[in-house]
Every structure is written in structure tokens, then in C-alpha cells.
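> Listed below are the residues making up each chain.
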Amino acid sequence: MDIRIFRIHSKLIELVWPKEISHDILHEQQQVKRFLEMEYAEGIREIRMGFNTLSLKLRIEISEEDCRDILEEIYQLPKILGTFASKIWKVPVCYCTEFGKDLEKLAQIHQLSIDEIIKIHSETVYTLHFYGFLPGFMYLGGLDEKLFTPRKRSPERSMPVGTVAIGGKQTGIYPSESPGGWHAIGQCPVRLFDISKEIPVIPAVGDKIKFEPTTREVFVEIKQLSHQGLYIWHHD
Amino acid sequence: MIKTPAYIHFVQPGLLSSIQDLGRFGMAVYGVPYSGVMDRFSMTQANYLLQNQFYDSVLEMGGPGAKMVFEMPTRVVFAGADADIYLNDKQVKAGKILDINEDDTIHVRKFRKGQWLYMGIQGGFESEIVAESRSWYSGITPQSRIEKSDSVCYLSEERFYPALGSHAKMNLNWFKHGEIKVFKGPEWDQLPKLTQNRIMKKSFTISTLVNRMAYQLEETIENEVEPILTAPVYPGTVQLTPNGNIIILMRDAQVTGGYPRILHVENNSLNILSQKRPGDKISFSI
Numbered sequence: 000m001d002i003r004i005f006r007i008h009s010k011l012i013e014l015v016w017p018k019e020i021s022h023d024i025l026h027e028q029q030q031v032k033r034f035l036e037m038e039y040a041e042g043i044r045e046i047r048m049g050f051n052t053l054s055l056k057l058r059i060e061i062s063e064e065d066c067r068d069i070l071e072e073i074y075q076l077p078k079i080l081g082t083f084a085s086k087i088w089k090v091p092v093c094y095c096t097e098f099g100k101d102l103e104k105l106a107q108i109h110q111l112s113i114d115e116i117i118k119i120h121s122e123t124v125y126t127l128h129f130y131g132f133l134p135g136f137m138y139l140g141g142l143d144e145k146l147f148t149p150r151k152r153s154p155e156r157s158m159p160v161g162t163v164a165i166g167g168k169q170t171g172i173y174p175s176e177s178p179g180g181w182h183a184i185g186q187c188p189v190r191l192f193d194i195s196k197e198i199p200v201i202p203a204v205g206d207k208i209k210f211e212p213t214t215r216e217v218f219v220e221i222k223q224l225s226h227q228g229l230y231i232w233h234h235d
Numbered sequence: 000m001i002k003t004p005a006y007i008h009f010v011q012p013g014l015l016s017s018i019q020d021l022g023r024f025g026m027a028v029y030g031v032p033y034s035g036v037m038d039r040f041s042m043t044q045a046n047y048l049l050q051n052q053f054y055d056s057v058l059e060m061g062g063p064g065a066k067m068v069f070e071m072p073t074r075v076v077f078a079g080a081d082a083d084i085y086l087n088d089k090q091v092k093a094g095k096i097l098d099i100n101e102d103d104t105i106h107v108r109k110f111r112k113g114q115w116l117y118m119g120i121q122g123g124f125e126s127e128i129v130a131e132s133r134s135w136y137s138g139i140t141p142q143s144r145i146e147k148s149d150s151v152c153y154l155s156e157e158r159f160y161p162a163l164g165s166h167a168k169m170n171l172n173w174f175k176h177g178e179i180k181v182f183k184g185p186e187w188d189q190l191p192k193l194t195q196n197r198i199m200k201k202s203f204t205i206s207t208l209v210n211r212m213a214y215q216l217e218e219t220i221e222n223e224v225e226p227i228l229t230a231p232v233y234p235g236t237v238q239l240t241p242n243g244n245i246i247i248l249m250r251d252a253q254v255t256g257g258y259p260r261i262l263h264v265e266n267n268s269l270n271i272l273s274q275k276r277p278g279d280k281i282s283f284s285i
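Here the protein sequences line up with chains A and B, keeping their order. Using numbering that gives the first Met the number 0, the letters of the first sequence map in sequence onto residues 0 to 235. Using numbering that gives the first Met the number 0, the letters of the second sequence map in sequence onto residues 0 to 285.
Just so you know, the hints here were simulated from the structure itself, not pulled from any lab data. Hints may contain errors.
Cβ pair distances, simulated, as ranges [stated by the list, open to error]:
hint, chain 1, residue 1, chain 2, residue 2, range
1, B, Glu101, A, Ile43, 47 to 57 Å
2, B, Glu101, A, Arg156, 43 to 53 Å
3, A, His22, B, His8, 55 to 65 Å
By construction, the Cβ of each residue, glycine as well, lies at the ideal position given by its N, Cα and C atoms.
All chains, please: the whole structure from these sequences, using the hints.
Set out below in C-alpha cells:
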């Protein structure tokens, strides 16, 4: 493990890993998070994740020295604190030029056919690192570098709910209508965020996401089911 | 004690008016902002004067114009921005508990100082609780701001209140000074010493980009700090963009961001900062 600790103030600290998006770091983050939640449950108000950070909001005040002690403890953790079961969720996507307004442009940029883009995008298994940006927005790791595309210079005023898009080295689904600077390649008919549920999302951090191309007809069916709360998520 | 649900009818909504409490916690891991009042100090004052619970929800207004009619008796109090407030055409002061009768009208006119005005009400508002909070936020609560001819529920309580001999003298100058206390953010040390000095010595101006999500400053700071991998951010996080803009995140801020987090505003200073208006000057102190 290669972790630094940074104390912003007495109740807000951050653990920082090297600047990369990787499974190993995610696994270590999960281990450390589990350890801290077990060991310091009363002292911690909230633990949040970034690609290479764990941010700890505390109930109690801690000093620089406490921080060093915690880091010491983390370094002495046994290598494997248990495995993290992860599901592979199948997420339907209708890839077409109607929903994927930027599919043609993307094909041009990368000198690929639209079918090749869909194939590359839907055959990759992505890892859910954390939620952020919008309620229910999944930060996914694993986009094939053939599809890396710089974000648009000026964001679109509105990306429809469910838009599947590529931006920089990432791909994701807009869980609600929002402005956005990513390139739209399709749309997902499944509702990704439901505030009326105690846990408003389905995939958990560490789970995998695989996009399943669907036809327009199936898309409409699933959208209806999901709207009525009858859609059942599938996983391996 | 009999409490009867009653409504405030908004003849005019005013600017950026919404119901807020201390915020929604525990949902940030799913991407939901904390929300909550921009200025906690003023909310706390209003609730304290009414002998409410400290967490009771209040009406937050981001500018003049709100005109509201009360269905049934209650008590309200104003705190926060220094504004011209009228109860049935008679001007009233912040910090004074106002006895409201059936069909009384309150009209908020000019804002003289400050950005956010709060109206506390006996027992708080009865708007919907979503994920343990009444704070309005787009996509989470049914509404994100009060629109013309909206109604908001409160509980009217018939009760004898002894006349108050005097009322709290509100100090409306508490947010006057421009010194904003900050801590070093996770990426502060990546800035060259010269840039760090410039940021700490310079006086900054609040730009017109001011809303519940963030306040942007007018002056820019040249920098070559690399963007970071998306990481958690909080109300109070100070970001430095590649074009040198300084953005201070406020209560409705997204939960993650990719710009370097150079500073972090201390809690009380965040209340002071929230009351700054476009054109006001601030400086940072560590």
C-alpha cells in the first residue's frame, strides 16, 4: 500500500493513493474503509470515495499525531481482510443515432464504424468506483482506450435522462436530465436513482457493469416496466 | 395544544426562495448534495428566538420580492440579510418576533446588505421530509424553489404568548468583515510558493456567479496545477480551475469534483461568505 494522509482540519481528513484509476487501489480503499468503519464507527460521520481518495468526515476532533497513528495502523493491516464479492450487473442500452447523437461524430474521430464503437463499448466490463456528480451517477473505470475522447469544448445544455456517454477516459449514464459535456452514444431505459428507497441505487461500489445492447422495442418495454417500478435488475 | 395545518400563500415568490433546514446527510455516497441553509448562523438565530428546535426548517430568500399571505395565526421572525420587510404595510425589524394574524401579509422589499434572508416560523415548516431532511433540492424534493402562487404548510397553534418587553437587538454587521478563514486543501502544496503568497495576500471580489451551488470570484490566478482524479468535495471547498478561476463550493455543491482543491473555508466563515454579494471584497487567511 502507498497511502498518504492529509488533514484538512480537525474533523476532515483524506487518505490519498497514487494518482491512477485501478482495481488494486479500489480494493485497498474498500479494505481500509471496512477497517475504519469497524474500528472507529463512533468517531466517523461519513466516508466518501474518489478514484484515489477516501475522505473522512469525523464527529470527533483529531490531531496530526492521531493521523499518523491511524496511517500506521492501516499499514499494519493484514494483506487480505476478506474478499469483496462483486456482482456483474447487466444494464440495457439502446445504442442508436437517435439517442446517441454523437455516435457518427465519434466514429469519424476514431476511424471506426458505429457497430465497432458499440461492440467495444458493450463488450467491456466496467467497475463502479463511486457515486458522484449527480444523484445516482456512477464513476466507472475500464473504458477501452480506443474510445477515449476529449470532452466537448462547450457542454450541451441538456442531456436527456438515461443518456449513455463518453467523456475523456470515462463512460457513464446520466441518471437525470442535466447539462453535460460528454458524447452521447445511447440511452439506458432503467431508472438509476430512487430517493424513496432507503438505498436509492442498485449497484454497489466495487460491483461491475456490463452494457447490453437492446432494440428500440425492448428499450420501450423496459422503460415502461422501470417507470412502474416493476423492472428487475439482472446480474451474473 | 391543538395544532392546525395552515398555509402561507405566495402572491410573489421572490428570488431563489426555498425551504431549508440543516441539510441532508448520509446520502452523499449516492451523489446527493447536502443542501441546507446557506447561512446557518442566521437560521439558528431565527429558531432560537422562536424557541424552536435548532434544526427546524426555515424559509430562505435570495433576494427581494417575496409577498406572502398567512391563513392562520402564528409567529415568525426574520434574520440574515438586512432587508426592508413589511407586515401589512408597516415596516418591521429583523430579530423581532412578529405575531401574525389570519390574512396578514408579509412583503420583502429591498435588500440593503447581505445575500440571504431567513424567516423562521413557530414550529418550522411542514414541507415533505425526504431522506431525513426538509431541504429543497431539484430532483430530490418535489420542488426546488417557491414559484408564484405556491403554498407552504405550517402548523398554526392557538396559544397565549406573554408580551415580550424587548426584542433581540440584531447585529447586522456580523458578516461585514471580509476576512475568510481557511484551511489548506489537499492540493494546496502543489501550488508554487509564489502563487500561494499571491492568493493569501490578494483581495478578491465576489463575481455575479453566485448561487446555492457555488460562488465564483472575479480575479483569476495563473496556475499550471494538473487536474486531479475525481475526488470528494464539500461545501467550503475552494477549487482552482485550469483557466485560473477560483470557485468556492456552497451548500448545494456536487459531492465530487475534478479541479484541484486548494483551500477549505472554515464553518463560521462559510456563513459570512454566503452573505457576501457580487462586488463585495474578501481575502483569505490561514
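> For every hint, state whether the structure bears it out.
Status of each hint after checking the structure:
As the Cβ distance of Glu101 (chain B) to Ile43 (chain A) is approximately 49 Å, the hint placing it in 47 to 57 Å holds. At about 45 Å, the CB distance of Glu101 (chain B) to Arg156 (chain A) agrees with the hint of 43 to 53 Å. The beta-carbon spacing between His22 (chain A) and His8 (chain B), approximately 56 Å, falls within the hinted interval of 55 to 65 Å.
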